[in-house]
Amino acid sequence: MAAAATPQTPAQTLAQKLVARAAGRETVTPGEILTCRVDLAMMHDSGGPRRVKPMLEKLGARVWDPDKVVVVTDHYVPAYDADSRAIVQIARDWVKEAGIRRFHDGEGICHVVVPQKGYLRPGMFAVGGDSHSPTGGAFGAYMFGVGATEMLGVLVTGEIWLKVPHTIRMHWDGRLPPGVSAKDMMLYLCTRFGMDGGQYQAVEYAGPAVAALSMQERMTLSNMTAELGAQAGLVAPDQVTADWLAAAGATDVDIAGWHTDEGAPLLADHRLDASTLAPQVAEPHSPAHGRDADALRGVAINLAYVGACTGAKLDDLRMAAQVLRGRKVAKGVRLLVAPASALDQSRAEAEGVLGALTDAGAELLPNSCGACAGYGAHTFGDDVVAISTTARNFKGRMGSAASQVYLASPWTVAASAVAGRVADPREMLA
Amino acid sequence: MNPLQDFPATGRAWVFGDDLNTDLLAPGGYMKFGIAEIARHCLESLEPRFAQEARPGDIIFAGRNFGAGSSREQAAEVLRHMGIACVVAVSFSGLYYRNGFNLGLPLLVCPEANTVADGAPVACDLDGARILDHASGRVLACEPIPPHLVAMIRDGGLLPHLAKRLAAERAALTSKDTA
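Residue numbers (this note's numbering), protein chains in the order written: chain A, 1 to 430; chain B, 1 to 179.
Keep in mind that a hint or two might mislead.
Unchecked claim - Below, simulated DSSO-like cross-link-like pairs (lysine-lysine); rule was C-alpha separation at most 27 Å, straight line: (1) Lys53(A) - Lys176(B); (2) Lys164(B) - Lys176(B); (3) Lys163(A) - Lys164(B); (4) Lys176(B) - Lys58(A); (5) Lys32(B) - Lys96(A).
It should be emphasised that the hints constitute simulated quantities derived from the structure, not laboratory data.
Just so we're clear, the structure is a prediction, and the values are computed from it rather than from any experiment.
So that you can see chain A by itself, here it is in the shape it has in the complex (with noise of 0.2 Å):
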C-alpha cells in the first residue's frame, strides 16, 4: 500500500510507488537497480509460448505461478497458412500444458483483452511480451514491454529487473475540442518530443483535459508511449478507473494513494493545452512526423485502416461512425476495419456503430492484430497509400516498403476515406 507522504517518507512520483510496492520497499530513488516482483505476465502468440515452451524446456523450469500468467492470440489469428496454424497452435497446446487459465483465443488484441477481463487494477507491477504493453499504465498499473528471452526469465523467477525511472509529467490543460482526440495528442508529443523523448523514463499523463478522457481513450495515451521511446504511460487511476474495472468485473480496485505527491522529484514537468489542439495527421515514416491535419489536406490515398490496439477500440469504432453515418467511402478507397476485440465489436453492432461503418462500405476484418504487425493477411502492396488509427507507421512494417502510411485518428482516417485524401473531421463533425 503506498502512504501518502509524511514527514518520514518523502515526497515519491506514481512510478516511485509502483516500482516501490513491487521491489517490496517503502521508497525508492530513480537511478537505482532493483528486482521487482511480477504480478502479471502477458504473452501473445507471436513473442509467447512458441518462444519460450523450447527455452522452458531447455532450462527443465517450470512456470513460476500460472494463475499469474495471461496468454492472448492476437498477431497470427486467424491463421492463414500453415506456418501461422502451427504458430498459434503452439499457444494453444502450451497454455494447457503449462496450467494456464487466463488464455483468450481470438478474442481481440492482448492490450485491449487484458483490461476488459478486469485483469489489471492500479497498484500492479506488470509485464507484457509486446511493446504497447504500457497501455496498462492507463489504470494505474506499472507495465512494460519485454522480448521472449526476458519473459522466459519472468516465466522461470517471477521476478524482472528494473533500474527506477524519473518521471516525465505531460501535463494537459483545458479540454479536447470536438474532433480531436487522444490519438492526436499522442501524435503531437511523438513529433514535439521525438521518439526518444521519454528516455525510457517513466511519462504521467496528468491535468484537467486526461481526467476528462474516457478509460479507453487513457489507454490510447498509455499505449503510444512506446512511440515515445518511455518505459511506462501512466494515468493515475480516479474514479473513472474505479467505475470501468467495477463494470469489467474487477471488484476490489483500490485507487486510495497512487497519484503523484506533491512535490514529488520530476525529470521534466510539461505543460500542454489541449483545448488549442488540432487533429494531428504523421506523415510516412515515423510518428513522430505529425503536422497539423489542415496542413496535408490533398495528399491523395487509396485505403483508411481503422485498427490495432491504439485505433480500433469501441471509443475509436463510435469515432469512425460518427463522421461516417449517412456518408459513403470515396471511389477508388478501401476503408478497412478491424475491431480490436470481439467484446468491443459487438457492443458496436448493439449500438448501430458497426452497421453505421459497414453501411458507408468498411469491410470489416477479424478481431486481431492484421495489417498494424504486417505479419501477413492484410499486408499492403506497392501502391498503397494508406491513412491508419495504428500507432507505427515505419517503412516496410505494414508491407511493401514502398507503401506510404499515414497516421492519424479514427475522426481524421474516417473522414478522409470519405474524401479520398487527407482531410480534417471537424469540417465533418459539424
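Guided by the hints, dock chain B onto chain A, whose structure is given.
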C-alpha cells in the same frame, strides 16, 4: 601501450542514422520463420547490402534511439546470428537495450557513434568500453556496461545465465539433501 595495435580491427563499420527501428531489422512478413530466414531480410528496406555482405566481427554504428519500436527480440537476435560484434549508438531504445543483452548482443552507448566512416576497419573492447577506429586512429570512449549486464553478456545472454543460476540452485538443494 598502443590500443590500436593491441586490438586489431575485427571487421568493418556499418553506419546508420537515428531511430533505426525493429521493423527494419526483423521485417514482420518474415517473423513466422526461424532466425536464419529473418537474417536474410535484415535491413532490406534500408540497406539491402547489409544482409548480403555483413561478416562476423563487423560493427554497427548508429545515431539516437537504435532499436525503436517492437519488443520482437529477433531484431537483436539476427545481429548476433550474423556475428555482429556489437552495436554502437548515441542512444538505444530501452526495450532494445534489454533485448540485446538478453540475447548476448553487446550494445555500447557512445556520444561519438555517428562520427565513424562507413566501411572503416574497427574493433570493440567491451571490458574497456571503447571502440577502436583504425581508419582515423581514434579510440572512442563509450559508457561502461552496467555490472549486472556484463555478467549476463559473459554468460552469453539470459538463457545461459539462467541455466547457470538454476544449476547452482539445484546443486545447493542437492548438497542440503545429502548433508
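Cross-check of the supplied hints:
1. Lys53(A) - Lys176(B): At roughly 30 Å apart (the allowed maximum being 27 Å), Lys176(B) and Lys53(A) break the hint.
2. Lys164(B) - Lys176(B): holds, 18 Å
3. Lys163(A) - Lys164(B): Given pair Lys163(A), Lys164(B) holds - Cα atoms ~23 Å apart, limit 27 Å.
4. Lys176(B) - Lys58(A): Distance of about 25 Å is within 27 Å: holds.
5. Lys32(B) - Lys96(A): Between Lys32(B) and Lys96(A) the Cα gap is close to 22 Å, so the pair holds against 27 Å.
In summary, the one numbered hint that this structure violates is 1.
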